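Protein chains in written order, with my numbering: chain W, 1 to 264; chain D, 1 to 264; chain U, 1 to 264; chain E, 1 to 264; chain X, 1 to 264.
The reader is advised that the hints may include incorrect statements.
Which copy is meant is left open, so a pair is good if it fits within one copy or across any two.
[As the list claims (entries may be wrong)] In silico SDA-like pairs for lysine to any residue, Cα to Cα no more than 25 Å straight-line:
| # | residue 1 | residue 2 |
| --- | --- | --- |
| 1 | K136 | L56 |
| 2 | K109 | R234 |
| 3 | K78 | K136 |
| 4 | K207 | Q139 |
| 5 | K72 | L52 |
| 6 | K72 | T53 |
| 7 | K76 | R88 |
| 8 | K180 | D104 |
| 9 | K78 | E130 |
| 10 | K242 | A214 |
| 11 | K101 | Q218 |
| 12 | K242 | L56 |
| 13 | K242 | Q143 |
| 14 | K207 | D116 |
| 15 | K146 | T53 |
| 16 | K101 | N23 |
| 17 | K242 | P51 |
| 18 | K242 | L62 |
| 19 | K63 | T241 |
| 20 | K78 | F39 |
| 21 | K242 | S100 |
| 22 | K76 | R89 |
| 23 | K180 | N31 |
| 24 | K101 | T241 |
| 25 | K242 | V55 |
| 26 | K72 | L56 |
| 27 | K109 | L215 |
| 28 | K63 | G75 |
| 29 | K103 | R228 |
These are calculated hints, taken from the structure and not from any lab test.
These numbers were taken from a predicted model, which means no experiment stands behind them.
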Amino acid sequence: MDFATIIGIFSGVGLVVWAITSNSGLEIFVNIPSLAVVFGGTIASTFIAYPLTEVLRVLAILKNAFFAKSEKPSGKIKEMVEISTIARRNGILALDKELSKIKDEFLKKGLQMVVDGIRGATINNVLQLEMDNIWKRHQLGHQLFKDMATFAPAFGMIGTLIGLVQMLADLSNPGSIGPKMAVALITTFYGSVFANLLFLPISIKLKRRSHQEALRMQLILEAIKSIRLGDNPRFMEEKLTKFLSRAERMKTSKAAESSKKKSE
Amino acid sequence: MDFATIIGIFSGVGLVVWAITSNSGLEIFVNIPSLAVVFGGTIASTFIAYPLTEVLRVLAILKNAFFAKSEKPSGKIKEMVEISTIARRNGILALDKELSKIKDEFLKKGLQMVVDGIRGATINNVLQLEMDNIWKRHQLGHQLFKDMATFAPAFGMIGTLIGLVQMLADLSNPGSIGPKMAVALITTFYGSVFANLLFLPISIKLKRRSHQEALRMQLILEAIKSIRLGDNPRFMEEKLTKFLSRAERMKTSKAAESSKKKSE
Amino acid sequence: MDFATIIGIFSGVGLVVWAITSNSGLEIFVNIPSLAVVFGGTIASTFIAYPLTEVLRVLAILKNAFFAKSEKPSGKIKEMVEISTIARRNGILALDKELSKIKDEFLKKGLQMVVDGIRGATINNVLQLEMDNIWKRHQLGHQLFKDMATFAPAFGMIGTLIGLVQMLADLSNPGSIGPKMAVALITTFYGSVFANLLFLPISIKLKRRSHQEALRMQLILEAIKSIRLGDNPRFMEEKLTKFLSRAERMKTSKAAESSKKKSE
Amino acid sequence: MDFATIIGIFSGVGLVVWAITSNSGLEIFVNIPSLAVVFGGTIASTFIAYPLTEVLRVLAILKNAFFAKSEKPSGKIKEMVEISTIARRNGILALDKELSKIKDEFLKKGLQMVVDGIRGATINNVLQLEMDNIWKRHQLGHQLFKDMATFAPAFGMIGTLIGLVQMLADLSNPGSIGPKMAVALITTFYGSVFANLLFLPISIKLKRRSHQEALRMQLILEAIKSIRLGDNPRFMEEKLTKFLSRAERMKTSKAAESSKKKSE
Amino acid sequence: MDFATIIGIFSGVGLVVWAITSNSGLEIFVNIPSLAVVFGGTIASTFIAYPLTEVLRVLAILKNAFFAKSEKPSGKIKEMVEISTIARRNGILALDKELSKIKDEFLKKGLQMVVDGIRGATINNVLQLEMDNIWKRHQLGHQLFKDMATFAPAFGMIGTLIGLVQMLADLSNPGSIGPKMAVALITTFYGSVFANLLFLPISIKLKRRSHQEALRMQLILEAIKSIRLGDNPRFMEEKLTKFLSRAERMKTSKAAESSKKKSE
């Protein structure tokens, strides 16, 4: 799990708890019916909006986004340069025994097609199709959590309205007005916390993740094109480093030099 | 009807009712004039905005989205592989007697054109045109319910404003202020519930559904292209599985193997 | 005028009036200064934003959208099939005397160019240009009313703020606080009603209308292409019905059959 | 300056002033610190967001949008037809002495390139590039005022919050609560008026203006293409009138007829 | 640092401080827990949403956007014209020794490829790829601060809700209600100030900056194309000035004339 995520979750929840406990007990902010309305209502609306299979699929993507280590593009480039060097020295067919060592499904698939001698345009089409569909699936997850971030504050307000209406309908005991309003507002509080500390950040994370995946796959696509055309590994490497930010490039330059030495 | 939808509707409505009844009677939240303003106003604005024919068309799409079982892409792929195998073994004209067995209108139409020997570009144009128009019609439904989700809270606020103005104009009886405000707020409550538990989830569902339909039709388009060009059914199957998510692919692999055996 | 629009306007206004009169007199909701601030302010901002010629043009489009009967695509298809049949039987030049009978300006223009023997690419360019510009003009109307739907609630709030500030600046007479706040809130009420029962629905209607117009013109474009190339009228009809929804197609099938008989 | 703009500004400001003075003196709505927070804060945020050169450039565009008379497309068409007629009768080189009479920079540049015998594709590229950059600059102005329309109500709320916090921190004098809240709310009032009667309408005006400029340049582009290819001036005129709305076309038809007579 | 930015930050903060101190002491607006909730919460949500590497990368972009002097396009054009003149007079290979003097990494890279005789299409591809990736990285920064501008007011509201609930839960001491509400509202105040005087302007600045960078790189791309094709430096200059606004062009014309003299 990304270190920043852990810091974010702990510090975010910690801050809210600290802000509460520095002035009162935490118990006045624990209200099960309020929690049920906000969380339950959000889930209910999500289940009306999305088929069960899509909800489950998003959970899988989510686990992946938080726990699977995102591979660095610089490492990927190194791998591609090594493959390209082998292909250049020993011919494309020599890649056949390398295939079993490759873990990246997308890359493996693409190289397999190169080894099988399938036409370049066809390889491009097939990989492009896969990229489009992975992109769409990630977008689905991004959209689902964005919708949840819309539902949560709405159900927060619905819960608060329920409490306010009940309070206003019976003002016979003036002393209970304050506490009743306090309880009513807790639902809005829950809705806002869920949306801004959970659903919205997750939605953004999935969007960023889909951009990273797209970048990775575009990089592989370019590399496979170069390998197929028999480009010089150095030139390919230079082209691929275009995908890196300036900061990454500096860090990469040393690794690249050592990998160049190997390839020579 | 999708199981998640049923859970969603029941748990959503149930939660709200439970949240109300745990603190007061349900009757203080039943107010026919408030309901009339929110629901009636939303319908009225929708009827000004959309021609009658489009409203009716959306109702048909809606029924379809909730009750018609969405066909799984994996099942569709199996069907396409079988058709492709027949075309490969017995020639394209052999598909003519298969056509009557096919229920999918879009697929039938496309294969009919292949059998009739119509040019590939023309087949593509005609099917693409159909896809575009089905897409536009689904977008219409998505947009109509999104607009309703905008109108409902607005009329909720209009109703609340009516109640507040009436209350403020006559403050002679202080004891009635609370109950009057309670009634005024119920309209906002209705507007929020309608928007977030009904119109917005339906709007999202129709958007998702249009994506699924587009996927299905794109899959068929690719398959028809392969059949027309006489591609190897196995290669076509591999290409089509690109449309499936990783999870679906694993589930499909067994079905695919059995279908392969049949086709060999 | 579309029947749904009439129902919408009457029921919408009726509902609001009914909701008011069921609890108080209508007169406390009539406030000329409030009306002036909301309606006048909205018009003023619109006049700063849009040149006079564009405002007038939108009024013309508006009249058209509400009162001109939108032609059904199915009727248009029937007309195109008849023209195509004549062209096929008697040659394209035979269309020359048909031209005077055609009321649709866009279709007439297109056919005239076909009869004049102008090159296909040029015809396409000219008609496409006209389509783009009609589309842009409709978008203008859609956008203008959307902007008005933004201005109206804003001026509603401005009016309410004026009333609140005046009330708060002089609290010497506690008995007048209620009625003064009531009057202040009426401006927000007006802004919300104008936006949601007038400007927003009209904006959506103009957007839908522009989609319908685009559909009609695309249909004519396709038909003219077919006529120019001498396509079989039946094949053309089948292609054109792609523009219809499933519901319309069923209704059309009978009309189509009778028109086919004529063309045979 | 456009007549509608003058009406809009005067009636908008007049309405607000009238609404205020009909119930109280104008002086309770004049509050220099509030004005400073809203206007100053908006300008401050704008200066952080945009480089000084861009702010100045937008002021120039703004002056142009409000004071420079927007040329009518119909007049432009007449001009183009005259030029085309000269080119047709006396050859393209005859345009050389006409160039000095042309005031429109974009048109002049384009015709100069035609006279210089530069290749059609190059002319198109150069003019297209100019169009894109003019478009981007107009978009900048549109966006800057849209951002100001976001900042103004935000600083209005910030000012109101400052006043509210100060009032709530010292409730010792109950009699001053009302006036203090009144002053606090004036900031929100200013923010709303600035946004809706100034920044938002200006933003929309600049957007419309950029559309008009784009239309004008597209029209010139088409005309230059026709002149270069030696099209019949009448056919060119017909093509160019596609850019006009129906209303403008009717008005134009007479002018066009007279210009046709001249060209014959 | 851009002069307008400094003015903006100082005047913005100054205005808010002045507005506060003109009516009360600054100390009632200093509240560390409120600050912690708003700023800490915003950072926490950002860290959940974005991987640590991306947050750090954005900080680098930010430093650059505020402190690195943005190069003027007119200066860039002058540089390109000089290079083009050398290439025209002494041949493209003569550029080789000029390369070491060029500081602009993007330009250097492009010219190096021209000198190395790499094919035009390849040069275009490589530079386009670099442009796309720089664009995406700038978009990331823009989006990150836009998200922070969404989180800040949300945590402002969360903090206010915490304060309100605590106040309402214990109304035993009426005298403390005012000050407690004051403290609660300070969090909303912080959220609004952070969003509108910090995060939103920075987000816009990064968006503008990415547009400027794109413009600069597009200009270089055009220039390299011209140099490669051996265009006349004057014609190239004219083409490049299309990227300048009218105001810049006038200022440039003199510099251009002097540079022309040199090139002759």
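For each hint, the structure was consulted:
In the homo-oligomer, the alpha carbons of K136 and L56 lie at most 25 Å apart inside one protomer (15 Å), although the nearest pairing across protomers, at 28 Å, exceeds that limit. Taking CA atoms no more than 25 Å apart as the test, K109 paired with R234 passes in both settings, with 23 Å inside one copy and 15 Å between copies. With identical chains, the CA atoms of K78 and K136 are at most 25 Å apart between copies only, with a shortest distance of 22 Å across copies and 28 Å within one. When the C-alpha separation of K207 and Q139 is checked against a cutoff of 25 Å, the pair qualifies both within a copy, at 7 Å, and between copies, at 13 Å.
Taking CA atoms no more than 25 Å apart as the test, K72 paired with L52 passes between copies only; the shortest distance there is 13 Å, against 33 Å inside one copy. For a Cα distance limit of 25 Å, the shortest separation of K72 from T53 across copies, 10 Å, qualifies, whereas the shortest one inside one copy, 31 Å, does not. In the homo-oligomer, the alpha carbons of K76 and R88 lie at most 25 Å apart inside one protomer (18 Å), although the nearest pairing across protomers, at 41 Å, exceeds that limit. Taking identical chains as interchangeable, the C-alpha atoms of K180 and D104 are never at most 25 Å apart, the minima being 57 Å within one chain and 58 Å between chains.
Taking the shortest alpha-carbon separations for K78 and E130, both the intra-copy value of 23 Å and the inter-copy value of 19 Å come in at or below 25 Å. With identical chains, the CA atoms of K242 and A214 are at most 25 Å apart both within one copy (15 Å) and between copies (15 Å). With identical chains, the CA atoms of K101 and Q218 are at most 25 Å apart within one copy only, with a shortest distance of 21 Å there and 34 Å across copies. Taking identical chains as interchangeable, the C-alpha atoms of K242 and L56 lie at most 25 Å apart only when they sit on different chains, with a minimum of 19 Å there against 36 Å within one chain.
Within a single copy, K242 and Q143 get their C-alpha atoms only as close as 30 Å, which misses the 25 Å cut-off; across copies the closest is 21 Å, which meets it. Taking the shortest Cα distances, K207 and D116 never come within 25 Å of each other, neither inside one copy (35 Å) nor across copies (40 Å). For a Cα distance limit of 25 Å, the shortest separation of K146 from T53 qualifies both inside one copy, at 18 Å, and across copies, at 23 Å. When the C-alpha separation of K101 and N23 is checked against a cutoff of 25 Å, the pair qualifies neither within a copy, at 59 Å, nor between copies, at 63 Å.
Proximity of K242 and P51 under a CA criterion of 25 Å is satisfied inter-copy only: 21 Å between copies versus 40 Å inside one chain copy. For the homomeric pair K242 and L62, the shortest alpha-carbon distance between copies (21 Å) is at most 25 Å, but the shortest distance inside one copy (29 Å) is not. Within a single copy, K63 and T241 get their C-alpha atoms only as close as 29 Å, which misses the 25 Å cut-off; across copies the closest is 23 Å, which meets it. In this assembly of identical chains, K78 and F39 lie within 25 Å of each other by CA distance neither inside one copy nor across copies; the values are 45 Å within and 40 Å between.
Proximity of K242 to S100 under the C-alpha cut-off of 25 Å is restricted to the inter-copy arrangement: shortest distance 21 Å between copies versus 28 Å within a copy. For the identical chains of this complex, K76 and R89 are intra-copy neighbours only, at 20 Å inside a copy versus 43 Å across copies, given an alpha-carbon limit of 25 Å. Within a single copy, K180 and N31 get their C-alpha atoms as close as 12 Å, and across copies as close as 22 Å, so both meet the 25 Å cut-off. Taking identical chains as interchangeable, the C-alpha atoms of K101 and T241 lie at most 25 Å apart whether they share a chain (23 Å) or sit on different chains (24 Å).
For the identical chains of this complex, K242 and V55 are inter-copy neighbours only, at 20 Å across copies versus 36 Å inside a copy, given an alpha-carbon limit of 25 Å. Taking the shortest alpha-carbon separations for K72 and L56, only the inter-copy value of 15 Å comes in at or below 25 Å, while the best intra-copy value is 27 Å. In the homo-oligomer, the alpha carbons of K109 and L215 lie at most 25 Å apart both inside one protomer (17 Å) and across protomers (22 Å), since each shortest distance falls under that limit. In this homomeric assembly, K63 and G75 come within 25 Å of each other (Cα to Cα) only inside a single copy, at 23 Å, whereas the closest approach across copies is 27 Å.
In this homomeric assembly, K103 and R228 come within 25 Å of each other (Cα to Cα) only inside a single copy, at 20 Å, whereas the closest approach across copies is 35 Å.
In this structure, the hints that do not hold are numbers 8, 14, 16 and 20, in rising order.
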